[in-house]
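This is what each chain is made of:
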Amino acid sequence: MPVITFPVNSSPAEHLLDLYRTMARIRAFENAAEETSRGGVAVFGSTADAVALVRGPLHLSTGQEAVAAGVCAHLERGDYLTSTHRGHGHTLAKGADTAAMMCELFGRATGTNHGKGGSMHIADFSVGMLGANGVVAAGIPIAVGAAHSAKIRGSGAIVACFFGDGAINRGPFLEGLNWAKIFNLPVLFVCEDNRYSATTATDAMTGGAGAAARARGMDIPAETVDGNDVRAVDHAARDMVARIRAGGGPQFLHALTYRVKGHVSVDPATYREQGEVDRALESDPLQLAAARLDALGVDAARIAEVDAAARAEIETALAVARAAPWPQAAAAYTDVQDTGAGQWH
Amino acid sequence: MALISYAQAACQALAAAMRADPRVLALGEDVGRGGIFGQYKGLQQEFGAARIIDTPISEATIMGAAVGMALTGLRPVVEMRVADFALCAIDEIVNQAAKNRYMFGGQGRVPLVARLPIGIWSASAAQHSQSLEAWFAHIPGLVVVAPATPADNHALLAAAIACDDPVIYMEHKELWALQGEPPAPDPAVLGKARVVRAGADLTLVTWSKLVHTAVEAAGRAAQHGIAVEVIDLRTIWPWDRDLVLDSAARTGRLLVAHEAVQAGGFGAEIAATVAEELGIPVRRVGAPRIPVGYARTLEDVARISAERLLEELTTFVQRDAQRRPAA
Ligand SMILES: Cc1ncc(C[n+]2csc(CCOP(=O)(O)OP(=O)(O)O)c2C)c(N)n1
Ligand SMILES: [Mg+2]
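Going down the list, the protein sequences come from chains H and P. If you use the numbering used here, the first sequence corresponds to residues 1 to 345, in order. If you use the numbering used here, the second sequence corresponds to residues 1001 to 1327, in order.
Hints are computed from structural coordinates only; laboratory data are not their basis. By construction, the Cβ of each residue, glycine as well, lies at the ideal position given by its N, Cα and C atoms. Don't take every hint at face value.
Listed next, with one range per pair, are the computed distances between beta-carbon atoms [said to hold, decoys possible]:
| # | chain 1 | residue 1 | chain 2 | residue 2 | range |
| --- | --- | --- | --- | --- | --- |
| 1 | P | Glu1307 | H | Leu281 | 47 to 53 Å |
| 2 | H | Arg272 | P | Met1001 | 49 to 55 Å |
| 3 | H | Ser155 | P | Glu1046 | 55 to 61 Å |
| 4 | P | Leu1278 | H | Ala329 | 44 to 50 Å |
| 5 | P | Gly1279 | H | Ala323 | 34 to 40 Å |
| 6 | H | Arg153 | P | Gly1279 | 33 to 39 Å |
| 7 | P | Arg1220 | H | Gln287 | 45 to 51 Å |
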């Protein structure tokens, strides 16, 4: 299992290289998921190709890796995280095993959810990752509850709550932030703003000055950062997490990034200008970090090594997932409920 | 004859209703780009953004605002994407839309159509696969519709839009691409079922995507000498008691099949009514009481296949024939 905590005294270059490693691993994972899903996603109600390895709606976080990497660098294994339908990066950065994650995407019995959830519901409670969610904004109240629990139990754990720019227009956003504020809960809200909600440009659907302003309206300290600059995310998250651990209550990080892929992997996203995508690709978070590493004097060969190791790790994950067994049909009846178990009809 | 898809049929019905009546409009997420299933394709171009209204991801307010619009002279069509997300607007449906007319003594009406696609959508797992028609059929004040064919998705949607009551309109996520004969221009009559295939040995009542599975099973049953009468219920509430009771009285056996979980499903209501009224043997087929899993091996357990239906109806007819005194 990858180690994700960083020694406090590591040099800026080494720390950045660690962040880069997390991003490279997420990128390799997303590329592999996209590749193995070809033909597997149902478009407009048609049936997914039975031979594709990854099936169903696949929401990729390609190009958004810096948000997951920069925030999760400051979480301990015992901290919690809630995610969205676009949750592979968060899950990986929180410390989940990539082979078990890939098995889940392949729907295998050895997946993190034993094949029951797939990409959209990936979760790994063993590292505090409490679940990706198919319902927009549904993770927010759950994160708040986990933070409330940590506070009541005095466990010292904090919660990172990831959601998209589209989620801030749902009621649970308002209710969750308010709750976290009045109970002074240890939660870091992270709005991963990739500018789109499915086919809709979110800006046109959002009143006022946006996510951070809404948080400030409830006296929750909020900061907007360049979400493609992993150092910016890292610094902001470091300070916010420190304040949360010191009992300062909820904090709000608004990370500006861009959804370079379609909403789901098969969405050609014809509703936006290609020029917009091309411009966004110019600030690719991995390239930005690599350039910065170069400026800090890190040898290009070391970066290439990290890239190669990430690809090799994901190749292994793919091989493990390909060979992994399917869930038995009988498993469809397990983990439903204890009371009344066996009374399927 | 050019065929038409289930999604196109609905799109045409909505367009026709909007042309005929300026009070009709549609609101929901992504509708301006045609909706995620293409069921609003081209409509914003024709009717503009004030009548094909793109909304924030705010299900409770999409539904609640539609109630407000309906109370004050408009006829909104509400896009909920999938029935599972309408659960974020359940108060607005159950306590507001459904109760308003009665609770306020008949002062207001809520003529809205809420589109809540149901069914397993392959590999979409537990939160995108539910068939919740029984929930809504249980609520006084609501009409519940579930079209199975492109022609019906035109005729029933037209009828739903013309209806002065709130209608829960449940298309099936795996039928959008289904091609079928073009619709007749007239709207359907809500509450009227249809005999899809005639038969004398058993009445098989079903709806939505399972109609096609039932027709397949009935075709195979015929090869074994069992004549199955397949009824597409089309409207879940009000359901066509007359047609079902008439058929069941003739065949002497009733099987109800639905993709929804069998326990507490609407099949139980139909089976109980037929048993009460006719005293004939009844059976149900529905999904086991499990969430829908992602892996194919798990998802398959939740699906009702033609093989399963064939097995159920064959066993039913054979056992019952043994019990019956020889004619
Ligand atoms: C309550 C609810 N409404 C609608 C949807 C359908 N849906 C899935 S993702 C999505 C867009 C979400 O946008 P955002 O929150 O910005 O996340 P992103 O996809 O950009 O990561 C929508 C509308 C849903 N899953 N849940
Ligand atoms: Mg977004």
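Run through the hints listed earlier and report the numbers of any the structure violates, in increasing order. 2, 4, 5, 6 and 7
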